[in-house]
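Start from chain W and add chains A and U according to the hints.
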Amino acid sequence: METEVLEFRTGSDPQARDITSEVARFVADKGDGIVQVFCPHATAGIALIETGAGSDDDLLDVIDHVLPPGFDYRHQHGSPGHGADHVLPAFIAPSITIPVLDGRMQLGTWQSVVLVDPNRDNPRRSVRLSFVSG
Amino acid sequence: METEVLEFRTGSDPQARDITSEVARFVADKGDGIVQVFCPHATAGIALIETGAGSDDDLLDVIDHVLPPGFDYRHQHGSPGHGADHVLPAFIAPSITIPVLDGRMQLGTWQSVVLVDPNRDNPRRSVRLSFVSG
Amino acid sequence: METEVLEFRTGSDPQARDITSEVARFVADKGDGIVQVFCPHATAGIALIETGAGSDDDLLDVIDHVLPPGFDYRHQHGSPGHGADHVLPAFIAPSITIPVLDGRMQLGTWQSVVLVDPNRDNPRRSVRLSFVSG
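Chains as they are written, first to last, in the working numbering: chain W, 30 to 163; chain A, 30 to 163; chain U, 30 to 163.
Be careful, since some hints might not be right.
Since copy identity is lost for identical chains, a pair holds within one copy or between any two.
Unchecked claim - Heads up, simulated SDA-like pairs for lysine to any residue below, C-alpha to C-alpha not over 20 Å straight-line: (1) Lys59 x Thr49; (2) Lys59 x Glu31; (3) Lys59 x His104; (4) Lys59 x Pro97; (5) Lys59 x His111; (6) Lys59 x Thr32; (7) Lys59 x Arg38.
To be clear, the hints were calculated from the coordinates, so they are not data collected in a lab.
Here chain W stands alone, though its shape is the one from the complex:
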């Protein structure tokens, strides 16, 4: 299987990072199939949303509404709010597949591939890309 691990520096603030161009580069020479975008971390997810018109930052705000940092979590490691980070991947999964035709992702006009990392404690993140021919 053609597969590759990308490394991102996401820093110490919550981040919704557009990684569309990196995924596009990976699939560019790969014909038809599906690309799997997989984040091997327990406190991050992968989303397909619009970026550049505010929705990426809206997502970070809404995450705090949906999964309140101050909720009474059992998980006690890390910075305040880290308990919430640990349930996030159940709702924003760290794995998604995207169709590829002739080396191009078949995304809609306003869709971007976004690494969602609310976690202040892990400044570096990996994303594994894998291609399965169709």
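Below, chains A and U alone, put in the same frame as chain W:
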């Protein structure tokens, strides 16, 4: 890769539309593998839920609880609530895969494939189906 | 396609059950590709989260915050809260894919495969594992 784009008229009201029969027809002659159901829009998702006993409409109501239309979104385009529509795909992803054996999806008795479209502004929606042999 | 159905007894309490070892065993002899973990039920999901430090039980609590059992659901079958169980799979999907290299899932250190079953009414659950070579 065997792939096909379906077009749906979802109108100007939020809709949870059962598209199981269309996906079943697509895979009917395709043997064993996985079918990927992918919605190339930034304000819609794909869900596997029961339909016909109220849960599809329950889902539309619960979306307004989870992602309040009146939240202070940065995204300002479109009708009221459109900011919420734009974070929805992070929580209800627009991509899902389903196992297929001998041309039949291996869904549970009560599972349907549902196009979740809360968006009042886009009356037409596409769904791309792709089949990867196993 | 190589595929197998596992059976789990999840009992009458909500449960977030770690099934990583069962999936690891399934892929152990299968080379490179992606494994699809699919739950054919309308009231359960599959999540990739940390287990063993409280986050699995945190998830069950947070589900009741995100999808309140007392919400005014149309769906009226089953025990109290069953209406919430039926919208859960829209947010915690019953299908996820994981990359596999040389018979080993490429999970992060803290990621486990978890069957999320809030449903008190179904004491037995199936999970279908399918492998697609890459």
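Going down the list of hints, with the structure as the test:
1. With identical chains, the CA atoms of Lys59 and Thr49 are at most 20 Å apart within one copy only, with a shortest distance of 16 Å there and 30 Å across copies.
2. With identical chains, the CA atoms of Lys59 and Glu31 are at most 20 Å apart both within one copy (9 Å) and between copies (16 Å).
3. Proximity of Lys59 to His104 under the C-alpha cut-off of 20 Å is found in neither arrangement, the shortest distances being 42 Å within a copy and 35 Å between copies.
4. Proximity of Lys59 to Pro97 under the C-alpha cut-off of 20 Å is found in neither arrangement, the shortest distances being 41 Å within a copy and 41 Å between copies.
5. Proximity of Lys59 and His111 under a CA criterion of 20 Å is satisfied in neither setting, with 38 Å inside one chain copy and 36 Å between copies.
6. Taking the closest pair of Cα atoms, Lys59 and Thr32 come within 20 Å of each other both inside a single copy (11 Å) and across two copies (16 Å).
7. For a Cα distance limit of 20 Å, the shortest separation of Lys59 from Arg38 qualifies neither inside one copy, at 27 Å, nor across copies, at 33 Å.
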